[in-house]
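Line by line, the protein sequences give chains Z and L.
For the first sequence, the working numbering assigns the number 1 to the initial residue and increments by one for each residue that follows.
For the second sequence, the working numbering assigns the number 1001 to the initial residue and increments by one for each residue that follows.
Among the hints, erroneous ones may be present.
Residues from chain L shown here face chain Z by an in silico Cβ test under 8 Å; the list is partial [stated by the list, open to error]: (1) Trp1064; (2) Trp1138; (3) Lys1147; (4) Arg1150.
When the alpha-carbon atoms are kept at most 20 Å apart in a straight line, the in silico DMTMM-like pairs for lysine to aspartate or glutamate are as follows [to be verified]: (5) L/Lys1155 with L/Glu1065; (6) Z/Lys161 with Z/Glu190; (7) Z/Lys90 with Z/Glu190; (8) L/Lys1042 with L/Asp1030; (9) L/Lys1088 with L/Asp1152; (10) Z/Lys120 with Z/Glu144; (11) Z/Lys100 with Z/Asp113; (12) Z/Lys34 with L/Glu1065; (13) Z/Lys90 with Z/Glu11; (14) L/Lys1006 with Z/Asp176; (15) L/Lys1147 with Z/Asp176; (16) L/Lys1147 with Z/Asp17; (17) Z/Lys100 with Z/Asp196; (18) L/Lys1147 with Z/Glu190; (19) Z/Lys120 with Z/Glu138.
These are calculated hints, taken from the structure and not from any lab test.
All C-beta atoms in this analysis are idealised placements derived from N, C-alpha and C, irrespective of residue type, glycine included.
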Amino acid sequence: GEGAMAYTLREPPYALDALEPHMSKSTMEFHWGKHHQTYVNNINTATEGKPEADLSVEDLMLKAWKEGAGGLFNNAGQVWNHDFFWEGMKPNGGGQPSGKLMDRIVASFGSFDEFCAKFKAAGAPGPAFGSGWIWLVENGGALEIQFTSNAENPLASGTGKPLLTYDVWEHAYYLDHQNLRPRYINVFMEHLVDWDKVAERLGAISSL
Amino acid sequence: WFADSKHHQAYVNGLNAALAQQAAAMEAGDVEALVKLQPAIKFNGGGHVNHTIFWSNLCPEKDWEPPQGDLAAKIDATFGSLEALQAKLSAQTAAVQGSGWGWLGYDPASGGLVTATTANQDPLATLGLVPLLGIDVWEHAYYLQYKNVRPDYLKNVWRVVNWRNVAERLAAAQ
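Based on the provided sequences and hints, a complete structural model is requested.
Encoded structure:
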């Protein structure tokens, strides 16, 4: 992990109950405290005593992807994906972006409403079948919406630079919403997205 | 199983919708549309097939009986014992990445029993095997009761397996 220490589970930038009532403390305790923790435990086990253990999570994930180390990637990818997911949310989130990010969304999707409709629809079972993630990415000057399965992400597969994600593994929403995935997605968009963070991510990668 | 039945209904609805579109595409001779419909038919049809099998594979714990007759003999011959089969299939199924199913299947080619897993809602038939017993490890199958502890679900699911139904499926397959 970072330096000579084992990988540790990074805390979200808010308390576990801070997203209530939109994402329950119970969900956070299981999703972050158990699922995400297990992925961290697994990469520690896999890299113990090996030079890989000195890599950042991102570099470990990319190395595992490049080398086709599926088992290691499934865990490293999920560590990275979940860090990215928590950091893209905030208490009293939602609303709309502004400035350059909004301009880019309008340029790629026509309007913010059209973007929202597409971003939500992308997560419906059908387009998004089985476990996975929905991404807003920057790709070659345009913004795109992508679905990845299981632990995959656009950074690893090279299909785009991630700006925002939401988790559609059932464990992400089952306690709060049971089978009602569309309701979970609506709540995410209306109450959880941290558009400032997304804008920061865009600023970091975009020189256009 | 309440929540799982809602998922099954969604698969049935999705399958009906896809089949209606398929009928229209066939009538119009639109091959491209037919091809584009295949994923929707596969996962909704697979979801319907798999859950139909699953419901018949289960019984209340009080009605549980061990495998008998030909099924019992084949299980012992192939896996050593019922316990060994359960341990093997539980381990394989626990290792499924993301969503999928564990299966006890019949292999027509060899005339024997095998364990297997499939991803998402892929039916076991896609592996050329006949499904005898399916174990759903989509998280919706166990999350409310077991949360992230899939192995506990797998340990306990054996208590509600209807081995008579499994034996009927084996007899029909042979």
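Each hint, compared with the structure:
1. Trp1064: Violated. Min distance 27 Å.
2. Trp1138: holds (6 Å)
3. Lys1147: With Cβ-Cβ at 5 Å, under 8 Å, it holds.
4. Arg1150: violated (10 Å)
5. L/Lys1155 with L/Glu1065: holds (17 Å)
6. Z/Lys161 with Z/Glu190: At roughly 23 Å apart (the allowed maximum being 20 Å), Z/Glu190 and Z/Lys161 break the hint.
7. Z/Lys90 with Z/Glu190: holds (11 Å)
8. L/Lys1042 with L/Asp1030: holds (19 Å)
9. L/Lys1088 with L/Asp1152: holds (15 Å)
10. Z/Lys120 with Z/Glu144: holds (13 Å)
11. Z/Lys100 with Z/Asp113: holds (17 Å)
12. Z/Lys34 with L/Glu1065: This hinted pair is violated, its Cα atoms lying about 35 Å apart.
13. Z/Lys90 with Z/Glu11: holds (13 Å)
14. L/Lys1006 with Z/Asp176: Distance of about 16 Å is within 20 Å: holds.
15. L/Lys1147 with Z/Asp176: It holds: about 12 Å lies between the C-alpha atoms, which stays within 20 Å.
16. L/Lys1147 with Z/Asp17: Distance ~18 Å between L/Lys1147 and Z/Asp17 Cα, so the pair holds.
17. Z/Lys100 with Z/Asp196: holds (11 Å)
18. L/Lys1147 with Z/Glu190: violated (26 Å)
19. Z/Lys120 with Z/Glu138: holds (18 Å)
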